[in-house]
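Trainee: One-letter residues, chain by chain:
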Amino acid sequence: MAKTNPGRFFEDYRVGETLIHAVPRTVKMGERALYHMLYPARHALYSSDVFAQSCGLPFSPLEELIGFHVVFGKTVPDVSLNAVANLGYAQGRFVTPVWPGDTLRAVSEVIGVKENSNGKTGVIYVRTRGLNQHDELLVDYVRWVMVRKRDLSAPAPATVVPDLAAAVEAADLVVPRGLDFSRYDFALAGEPHRWGDYAVGERIDHVDGVTVEQAEHMQATRLWQNTAKVHFDATARPDGQRLVYGGHVISLARALSFNGLANAQMIVAINAGAHANPCFAGDTVRAWSEVLDRADTAAPGVGALRLRLVATKGDAPPFALRDEAGKYRPEVLLDLDYWALIPM
Amino acid sequence: MAKTNPGRFFEDYRVGETLIHAVPRTVKMGERALYHMLYPARHALYSSDVFAQSCGLPFSPLEELIGFHVVFGKTVPDVSLNAVANLGYAQGRFVTPVWPGDTLRAVSEVIGVKENSNGKTGVIYVRTRGLNQHDELLVDYVRWVMVRKRDLSAPAPATVVPDLAAAVEAADLVVPRGLDFSRYDFALAGEPHRWGDYAVGERIDHVDGVTVEQAEHMQATRLWQNTAKVHFDATARPDGQRLVYGGHVISLARALSFNGLANAQMIVAINAGAHANPCFAGDTVRAWSEVLDRADTAAPGVGALRLRLVATKGDAPPFALRDEAGKYRPEVLLDLDYWALIPM
Amino acid sequence: MAKTNPGRFFEDYRVGETLIHAVPRTVKMGERALYHMLYPARHALYSSDVFAQSCGLPFSPLEELIGFHVVFGKTVPDVSLNAVANLGYAQGRFVTPVWPGDTLRAVSEVIGVKENSNGKTGVIYVRTRGLNQHDELLVDYVRWVMVRKRDLSAPAPATVVPDLAAAVEAADLVVPRGLDFSRYDFALAGEPHRWGDYAVGERIDHVDGVTVEQAEHMQATRLWQNTAKVHFDATARPDGQRLVYGGHVISLARALSFNGLANAQMIVAINAGAHANPCFAGDTVRAWSEVLDRADTAAPGVGALRLRLVATKGDAPPFALRDEAGKYRPEVLLDLDYWALIPM
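Chains as they are written, first to last, in our numbering: chain A, 1 to 344; chain B, 1 to 344; chain C, 1 to 344.
Looking at chain A on its own, in the form it has when it is part of the complex:
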C-alpha cells in the first residue's frame, strides 16, 4: 500500500462530500511575532494589547490573515496538490477572532464541479470553514481551483456551478463582540483618517515597496504548513523558479496598505480575489487601494469600507490594473476585494 499522498484529481471530487483536513494547529504569540517579522504589519489593533483593550477587546487578536493562511494551508493536501491554478475566492467572512492559544482546524465541502472542454482538467468549488477548539466558526470562504484529471478517459461529471454573490452584503458582516471605536486613539494608530474621510472611488498609492527574498516567502508559506512543492522545490519547475504563495502577496499588500489605511484595522470579509500573475523572489511588491463602498455597522463608532487592494511588481504605472482588452496587466499580482472595519 502506497504510503504517500498523491493528492486528489478532478474525478475524485463529488458535489456534497465533506473533506476533513488534517493537522490541527495551535497558534500563539510566536506566530504573531513571526507575522511582524515576515510582513511590514503595523495595524495597532494587532500590535498592542493595550490598544486592543482600548477598542473593547480582551487583548490583541491574531491578524485575520493568520487564520486564513493556516486554514488555507490545511486544505492544500486535499484540494490543490494537483491544482493547475487557484482561480478565485468568494464569500469569505471572518466571523470570530483568532486568539493566541486557539487551535485551528479546517473542513471543506465540495459545492461545485465543472470539467473543462479540453477534457484534461476541471474546476472544483469548495466552501472551507476554519473552526477553533470550541467548534466556533472563525472563517469561511469559497475557493475554486483548476485541477488535473488522473484519468483522461474518466467521464465528465454533471456540471454544478454554485451561485456566488459578487460581494458579502454589508448587513452580513460580523463585527467582533465588544468592538468599540468610540474612544479610538488616532495618534497612536498612526493616521488621522476616519471612515468619513474616504470617498467611494478614491484611490490610494501606498508608496512603499518590499523586495521578496526566497528565504522569506518560503518561511512564510511553511509557517502556515502549506507544503505545495512549487513554493519550496527549485527543481519543480523547468525554469528553476519557486512560485511565491499567493497568500504571501496578500499579506504583503495588506501590510503595505497601512500607509494610507492605517485605521482600516480589521478584515471582516473577502468578497473576491484573483492572483493575476505569478510572483517570484526578486520582485519588488507595491500596493494601491480603491474605495469601493462604505457601510455603517451596529457597533459603536465602527464603520466598514469595501476596498480593492491591488499588488503590483516592477515598474508598474500608477494604479496599474487592466489593459485595454480588460486583461490584468503583467505587473499586477493581486486584485483583492475586501471589507475592513474603520473608526467612524
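These aren't lab readings, by the way, just hints derived from the structure by calculation. Please note that a few of the clues may not be correct.
Since copy identity is lost for identical chains, a pair holds within one copy or between any two.
Claimed, not checked - With a straight-line cut-off of 20 Å between C-alpha atoms, the simulated EDC-like cross-links for lysine to aspartate or glutamate are:
(1) K120 <-> D323
(2) K114 <-> E290
(3) K229 <-> D197
(4) K114 <-> E17
(5) K3 <-> D205
(6) K114 <-> E324
(7) K3 <-> E290
(8) K3 <-> E169
(9) K149 <-> D49
(10) K3 <-> D185
With chain A fixed as given, assemble chains B and C onto it according to the hints.
Mentor: Chains B and C alone, transformed into the frame defined by chain A:
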C-alpha cells in the same frame, strides 16, 4: 589573559572528565513557532494542543529535535570548535519531553579518546546529557568527533574506545508518561497508516523537496545557539561556502518524512547517525525511509518503528544510499537510524 | 486629502515640540525567540529564566536592544523618513527592563535644530523616550539626524544645539531592581572573566564573523516595525542595494562580543554611537571591543564596564578604527560606546 575561547584540542580531553556546557536556555512557544517556520513540520502531536491532549499529554510538547539541537549547540564550544568532522551518534534516548517554559542545560562526559595514526588529529567520544530545570534527563546520546591536536608533539593518550550498541533496545525505549494512542484520530493526523501497516524492509519515498537557502540554515543553527563559524562565516572556507549544520538536515528530513510517516509521531531514540556528505545552500533536500524493525510498548495503543531516514540532494536515484564499494553515494547527506512511536 | 505619510522635513521641526509616535507594540516571548534566531546572542541572563532568577530577577528580561529597536522603529515615520544620515546617539540610558508582555510606546522631544550651510538640509536633535504600559521609562536617548528641507527657500531657524555629555556618568547608571551578581555562576555564563579581569585600554578581538543575508537584515528590521524604505526596496537606490539598518549591526556586534565579554550581561547606557560606513548583504561582520572605563555600583557584586564596540566588515586589519587623518577606515561599520554590567 586572553579572553576569547580558543576551543579544546585533542590533547585537552581526559577520559572520565565532565564538561559543563554554558548558557542554559529557556524555550517556549516562540521556538515552536520558529520550528514550524524553518521546517515543513506537520506531525499533529507537535502542532495542536488539542490533538496532544487526545493522546494523553497535558499539551503539545516541543519537538524532540528542538531539545536535541539546543543541547547539541551548547556542546559546540567545548567539543567541536576545533573539530574536523562529526563522525557519529549512538545510544541516543529521549527520556522526558521538553515542555514550553523548560530551561535546558547540557553536561558531557568524555568516554573515549583515540589518536589517529597521522599524529595530527584524534577521535574523542562524549556522552552528553540534556537536563531541564528540575534536573530531569531530557535526552542523552553519545557522539564522536575528530579533533585537531594543538601540539603535534603531545604524546598519544591511552586509547579508550567505548563499547557502543548498534541500536537502543526496544525494551529500553521510554514512552512519555500518559501517552495513549487508543483514541488516536487518523483523519486529523493526516494519514491512515498504523503500526501494523509498515513491514520491515519497506521503503518509502517521501516525494517532496526543499531547496535550502543561506538565511534559513543560518537562522535555524543560530536559534540553537550553535555558533560554529563554518555555518555563518563565508570567509571561513576557501570556497566561500557556508556549511549547513548537520542537524538542519536531520530536521528537514524528519519533517519531509511526514508524507508517508505522518503517524510516526514521537522520536524516542537515535540509534546511529552519519552526515555522509556536506550540504550547502542551493541544494534541494529530499528524503526516504526504510522500516528496520518493529516493537510494541507497554503504553496503550503505542507501537514503535525503527526507521532509517536518508536525506539526499540533487538528482539522487530512488533510495540512493551506498555505491558498490559500500561507500555513501555523493548525493547522500544523512543516514539516520531512529525509533519512533506510532499508533498500533 | 492625501492619505499617506510624506514624512517631516527639516523646516517642520520646532524646538520644544513633542512627537507622539504611533503603533504601540506588545512584545513577548516570540520576539525573544526571534532575537536568538536573528543574532548569535548567548548572554545567559537573556537566555535562561533560571539563570536570571539566580541573579535576583523574576525571570529573563528581553534584551535591552529589543527595547531600543522597537522604540527606534516607532520614531522613523516622524523623524527619519526624509533623513539623509543618522549622525549620532548620546545620553542613552536603559532605566527599566522590558519584560515579556510589556507594551512599548515612544515619544520624542525636539531639542535642537541647525540648518546646514548648503541650505538644503539641516540637523535635528531629538530626545526619545520609550515607555511601557505603566508609563515607566524604559529607555531614553538623544539622536541627531540630517534631514532634507522640503522648501529650499524656507528660512533657517535659530540654531539650537543641545549640550550633550560625552558619556553617561557612572553615578547615573540605573541598575535593575533586585540585580545581584554575588552568586553568579561563571561556568553557566560561559567565561570566567570578571570585572577585575578587564583593564582600561584592553582590547578584545571577538574572533567570529557572520555573513549578512538580505532576508535576515530585512526580517530583523521589519520585526521592529522599522519601515524605512532603503532597507526593503531594492529599487530605492541607484545601485540596487538595500542598506542594512544600523541597529542590525549593533545587535550583531553585541552578540559577537559574547566571545570575550560573555559576562558583560546588561547594557545600561549608550554613551555615543556612529554608523561609520554602510553595511550591505554579503558583508561578513566581525567585532572588537576596547575597555574604556570601569566603575562600581551599589548593587551586590555588580560592576560596570564602559566599552567601545567596533563592528567591521571584510578584511579589516586587527582593531581597525581610524586612518591617519582621523577618519573611520572604510571597513568600520560601527563605533559604539556603552556601559555594561558585569559581575565583580
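Trainee: Are the hints correct? Go through all of them and say.
Mentor: Now for the hints, and whether the structure bears them out:
Taking CA atoms no more than 20 Å apart as the test, K120 paired with D323 passes in neither setting, with 30 Å inside one copy and 41 Å between copies. Taking CA atoms no more than 20 Å apart as the test, K114 paired with E290 passes in neither setting, with 33 Å inside one copy and 41 Å between copies. Taking CA atoms no more than 20 Å apart as the test, K229 paired with D197 passes in neither setting, with 44 Å inside one copy and 27 Å between copies. Within a single copy, K114 and E17 get their C-alpha atoms as close as 15 Å, which meets the 20 Å cut-off; across copies the closest is 64 Å, which misses it.
For the homomeric pair K3 and D205, the shortest alpha-carbon distance between copies (9 Å) is at most 20 Å, but the shortest distance inside one copy (50 Å) is not. For the identical chains of this complex, K114 and E324 are neighbours neither inside a copy (30 Å) nor across copies (52 Å), given an alpha-carbon limit of 20 Å. Taking identical chains as interchangeable, the C-alpha atoms of K3 and E290 lie at most 20 Å apart only when they sit on different chains, with a minimum of 12 Å there against 48 Å within one chain. Proximity of K3 to E169 under the C-alpha cut-off of 20 Å is found in neither arrangement, the shortest distances being 45 Å within a copy and 27 Å between copies.
Taking the shortest Cα distances, K149 and D49 never come within 20 Å of each other, neither inside one copy (48 Å) nor across copies (37 Å). Only between protomers do K3 and D185 lie at most 20 Å apart by alpha-carbon distance; the minimum there is 17 Å, versus 55 Å within a single protomer.
Going through the hint list in order, the structure does not satisfy hints 1, 2, 3, 6, 8 and 9.
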